[in-house]
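There are 4 protein chains.
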Amino acid sequence: MSINSFGHMLRMTTFGESHGIALGCVLDGCPPLIPITEAEIQVFMDKRRPGQSRFTTQRREPDAVKILSGVFDDDSGQQVTTGTPICLMIENVDQRSKDYGDIKDSFRPGHADFTYLEKYGIRDYRGGGRQSARETAARVAAGAIARKIVPGMRVRGALVQVGVHEISRDNWDWDEIDRNPFFCPDAEMVETWTTYLDDIRKSGSSCGAVIEIVVDGVAAGLGAPVYGKLDQDLASALMSINAVKGVEIGAGFSAANLTGIENADEMRMEDGKPTFLSNHAGGILGGISTGQEIITRFVVKPTSSILTPRKSVDKFGNETDVVTKGRHDPCVGIRAVPIGEAMAALVVADHYLLHRGQMG
Amino acid sequence: MSINSFGHMLRMTTFGESHGIALGCVLDGCPPLIPITEAEIQVFMDKRRPGQSRFTTQRREPDAVKILSGVFDDDSGQQVTTGTPICLMIENVDQRSKDYGDIKDSFRPGHADFTYLEKYGIRDYRGGGRQSARETAARVAAGAIARKIVPGMRVRGALVQVGVHEISRDNWDWDEIDRNPFFCPDAEMVETWTTYLDDIRKSGSSCGAVIEIVVDGVAAGLGAPVYGKLDQDLASALMSINAVKGVEIGAGFSAANLTGIENADEMRMEDGKPTFLSNHAGGILGGISTGQEIITRFVVKPTSSILTPRKSVDKFGNETDVVTKGRHDPCVGIRAVPIGEAMAALVVADHYLLHRGQMG
Amino acid sequence: MSINSFGHMLRMTTFGESHGIALGCVLDGCPPLIPITEAEIQVFMDKRRPGQSRFTTQRREPDAVKILSGVFDDDSGQQVTTGTPICLMIENVDQRSKDYGDIKDSFRPGHADFTYLEKYGIRDYRGGGRQSARETAARVAAGAIARKIVPGMRVRGALVQVGVHEISRDNWDWDEIDRNPFFCPDAEMVETWTTYLDDIRKSGSSCGAVIEIVVDGVAAGLGAPVYGKLDQDLASALMSINAVKGVEIGAGFSAANLTGIENADEMRMEDGKPTFLSNHAGGILGGISTGQEIITRFVVKPTSSILTPRKSVDKFGNETDVVTKGRHDPCVGIRAVPIGEAMAALVVADHYLLHRGQMG
Amino acid sequence: MSINSFGHMLRMTTFGESHGIALGCVLDGCPPLIPITEAEIQVFMDKRRPGQSRFTTQRREPDAVKILSGVFDDDSGQQVTTGTPICLMIENVDQRSKDYGDIKDSFRPGHADFTYLEKYGIRDYRGGGRQSARETAARVAAGAIARKIVPGMRVRGALVQVGVHEISRDNWDWDEIDRNPFFCPDAEMVETWTTYLDDIRKSGSSCGAVIEIVVDGVAAGLGAPVYGKLDQDLASALMSINAVKGVEIGAGFSAANLTGIENADEMRMEDGKPTFLSNHAGGILGGISTGQEIITRFVVKPTSSILTPRKSVDKFGNETDVVTKGRHDPCVGIRAVPIGEAMAALVVADHYLLHRGQMG
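Residue numbers (this note's numbering), protein chains in the order written: chain X, 1 to 360; chain A, 1 to 360; chain Y, 1 to 360; chain V, 1 to 360.
Derived from the structure by calculation, the hints contain no laboratory data. Predicted, not measured: the structure shown is a model, and the values here were computed from it. Some hints here could point you the wrong way.
[Unchecked claim] Residues from chain Y shown here face chain A by an in silico Cβ test under 7 Å; the list is partial:
| no. | residue |
| --- | --- |
| 1 | I21 |
| 2 | A22 |
| 3 | P32 |
| 4 | L68 |
| 5 | S69 |
| 6 | D74 |
| 7 | G77 |
| 8 | C87 |
| 9 | G121 |
| 10 | I122 |
| 11 | S168 |
[Unchecked claim] Output of the computed footprint for chain Y on chain A, the stretches with three or more beta carbons under 8 Å from beta carbons of chain Y:
| no. | stretch |
| --- | --- |
| 12 | 7-16 |
| 13 | 27-41 |
| 14 | 118-124 |
Think of the CB as a built atom: it goes at the ideal place given N, C-alpha and C, for glycine as much as any other residue.
Kindly generate the complete structure, drawing on both the sequences and the hints.
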């Protein structure tokens, strides 16, 4: 019952604070003989890494991942997993020894300063300590390994809404994702978001976002009733990401407006195989994968660290105003894309192993 | 890693199929000396019980709960929990020995017939077997006990949207809930839903719904970073309910449209205590309760069992049309209200014990 | 973290008290399509059942097991597991509504009366409540299913010591086990134990025993470092049985007296396969099976319920003498044989599934 | 279900191989505000550290522990735990880049070389990789923190048997422990063991040992029926240590020879409190602490790495002889004392938190 662990058979335990010595995770239960290098993991680290564009925080963290354990050379000299726990460590480099005087006793609205202090009687105020989204660097590292566990699986994510601006699904082009700083699949939306975010940033505010994760190449049959459902575990995984306030699968909340006639994903035989004619279910029925694309979305609230003063109190009971100085993301949702991908990869890989265990 | 269990310290393991001998659960980790009777649990069972109005299935199940273990008389002769596992059993009475010939080999669209067979190579087709929402009867029973664990906690739920019709929050009145067959808090909406659902039913279709659960009387400090967050566990709990396709906390998906300035829940001192001026967070920051109302919503898709034929295939690869005969809910979302309440009660009670363990 | 559950992937959760309505377990994670009937399980129940000879308690319990869930007919009409949780229930029949006046407030030496009351502030004094070894009936039922999960696995147990009398290993004959009321593999020892136990019983005392469990037909490679070792899980499983005070693997405590030269299990090739020349390790190296026989022993303390008065106190702080009236086993170790077998079967089956999950 | 984790609420996950970059653990669930420094932990590391006398391996490892996360300064400037996961890292310094040519393909008798390769299809042969007892350095570090969680708890261990020589309990003196290189509580035995071990070492062999762990200052009521018993978890904890082949509680295996009359720990009132007149139970009844000393023993087999050649095979199917060159402990049991202490501390602290959670 580790409350800093996630997963059934493929189990990630993370550690570390924003401005501590290092953060990272132990990934346990990974099968042996999977080729993996630090360089392969680093590709995904770099997607999440701050300072990639003017729309993400300018904190200078190389986020260089180091594999401390769990790998060894196979007979051909290639580095592979050994089936033992893989510790992935990321050292914190840019721990500015700044003066925290102004925020160390105040509760930043929207942050967990108040709740951590209420719970623990102490909080590491340096960059938010454990509540910081820096913890997600460890998830991205673990997710890079998870991606290699399920043969044929592909995990992709995209930003589909920034503030009030939603993409058009007719324009969806996965290739577009890497051509803009937003993981945006709709080329026509990039300009709008750019202007919108520049304005938001200049106004000292921030905005929310919606991310969609699509997993394909997954066979039917993954998932475990009743409390280890694939959609349940995706919901848990994504809701555990900082600032996430909602998760939906397939049609999601719009299913409320559909009738049973509309919502039914009908079936026909195609090339001798049962095939679904639509995917309102998001690739999951009864908690088990249908073999279609697994589709999930999650919403990230507007960054709580903003340049505009907000009313608050401090731990001594004084009323105060809090304003965030320095570098912050105007839309943390952008960097949530690789994090969501990592969590989805971990969930599906976990269920792949679980299914293999129960079913042979 | 029981895949049919839920909870960290307060752990519910459910068993049973729709048309088997009995279903139920084992609730483990419940503190001792909590007064509990079958009659107290039955109150909540009756809220979920089918056949309460023409808007829920007419299956005749008394859903009488029996406590098989874990209780004993205290010195005063009152029946209380003993700290040992509580087994709650509900016998299936209305197991019509009907002919399943027409559906035993076909995959009902929207149901998990296809995925169960893909996963297990066998499925109990009698009423859906384990995939049936009858499993949730056990949750409601366990939830009735969970409600008594946290002193001062109150868990209430309401239906806030049926199909395209959403209630007005200005009309919200908790007392209204028990006066209509919909758990609807908006008296003015009852008529609309009645007509709408009658039409839906007559047309051989069904509709979706959104349920809101509100928990109050919970102190600040419950919840456990990073993979045992209160909101994460609520998401997991609610998404594990049959037909649920989305979960949100506080502002939820609408947070995407807010700016950081709007979304910040500012604080002031009131009666000498830190107080929040709004609750976009839904009572949870950084996965830990703020002491405010905990607010969560989930969406239930339209009932998949409808009288209108839908295209499907059978397990032999033949194309076929599937139509549901007999008794079914036109809107399963209605009966999801007491289920959502039960799951929320279980999650908060679980974190209450977890917090007490770590913090003393 | 269910404290009344055991197992990683194959997870048994037990419930029930000695004199409650019923006891049983939920077995979760069992693969589908395994043929199982109540009659098959009953065979093992009957081995543990009281009243089989004058050396076990005369409590009249049929211990009839009922499968409440998790099974269904396959296409050929044979009853098989479905992959969903299997609830096994045993109703308590012989719950004599006797007067507990004399023991309900006193602490029986050697029993957990004192510790349960200290822990929970309440205890079910009827037959020991949850601390009673009746709980092990559920384990035996679950074990009967576990035996069928690992192809080729055979689990056998024997009583190797009763009080001061140990069997001779030269006389070991597995066929002998079913020919005497002691599960004794040494025909020459039966007479001695008979006389010894009759004397013990007449003197109003009881004696301890040592049980050996041998599992064969298990491939090399099962077990999981570092905290899911096969020997570790066997130790946990066996130590969880009532009255057990020690567990050893292979050479066990006698390994202290051996030198490294003697203790090494040397290897040679035989029929083209690596073969061990001895088995001091008990079939487990580094927590992983070697492919040899898995050998474990556990000691059961003398029955604490004896006819000879022992000094004690009651919950009001009065000094008193406690004597057990009525029916009890002079050597509870006898009935521990089928229980130990069941636990070993559960552990190995669990690791079989776990290994299959991680390794494919 | 992390197979490299241990504990219910206080959960340790270890990582690392003998000759990898680093090893360590993440300790999750530790309460906040416990003062802890690296120096305090180092005291216990040094007890386990190799090279302390000629009776332990001469590998030169400083075993310097580094706290990577989970601590922060409280208001008074003292470093305390924060309630978040504590990562403890020990860098491997003495990783001789020696030629493993002779052992990389052979199976060392008594080691897990064969079983790791059978399981994983790969093994890290450098110093035994993950199967090495170096992993226990992480346990000792975590145990140092666990010791501080339960107020009043004291955990002490002693070596009570080396090869055929057992101490006399009449000579037991805890102060003696630190005055000899064996953690021996019997001053008169030190000379005998010295000579015995010198002989064993010179003869190119090794010997086994028995360790006793005594925990006092623990209140009655800790432990959790039925599968989280205190003695069960101690058995699991100790059996998970490398080379351990048996565990016993209180009277242990000698209980087989006792009658129920002898074995009963009678009770009387003393100073107004219920008191036991003996402790055959080893401080645990029904899996729950009695408030007496908790007493457990475990046996460590003779070191498998010996200078005398033993018959083996290699992974290509060739028969070969294996001899261990270089530095090794003639009796690994010596260094197992601080490891056993650490595991016992972790188990009791875990149950302390668990009990507090369930009982308030």
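Should the interface hint for S168 (chain Y) be scored as holding, given a Cβ-Cβ cut-off of 7 Å against chain A? 43 Å, violated
Just to make sure I understand the rule, a stretch counts as covered if three or more of its residues have a C-beta closer than 8 Å to a C-beta of the chain. Does the stretch 118-124 of chain A meet that for chain Y? holds (count 6)
Are at least 3 residues of the stretch 7-16 of chain A within less than 8 Å of chain Y when you compare beta carbons? holds (count 7)
Mind checking the CB of C87 (chain Y) against every CB in chain A and telling me if the closest is under 7 Å? Constraint on C87 (chain Y) satisfied, holds at 4 Å.
How about S69 (chain Y): closest beta carbon in chain A under 7 Å, or not? 4 Å, holds
Holds or violated: the stretch 27-41 of chain A covered by chain Y, criterion of 3 or more residues with Cβ-Cβ distance under 8 Å? holds (count 4)
Should the interface hint for I122 (chain Y) be scored as holding, given a Cβ-Cβ cut-off of 7 Å against chain A? I122 (chain Y) check passes; min Cβ-Cβ to chain A is 5 Å, inside 7 Å.
Given a cut of 7 Å on the nearest C-beta pair, is the interface hint for P32 (chain Y) held or broken against chain A? 4 Å, holds
Identify whether the interface hint at I21 (chain Y) stands, where standing means a beta carbon of chain A within less than 7 Å of its own. 5 Å, holds
Would you check whether D74 (chain Y) satisfies its interface hint, that is, whether its CB is within less than 7 Å of any CB in chain A? 6 Å, holds
Return the status of the interface hint for G121 (chain Y): holds when the least beta-carbon distance to chain A is below 7 Å, violated otherwise. 6 Å, holds
Using 7 Å as the Cβ threshold, decide whether A22 (chain Y) counts as touching chain A. With a minimum Cβ separation of about 5 Å from chain A (threshold 7 Å), the hint on A22 (chain Y) holds.
In this structure, the hints that do not hold are numbers 7 and 11, in rising order.
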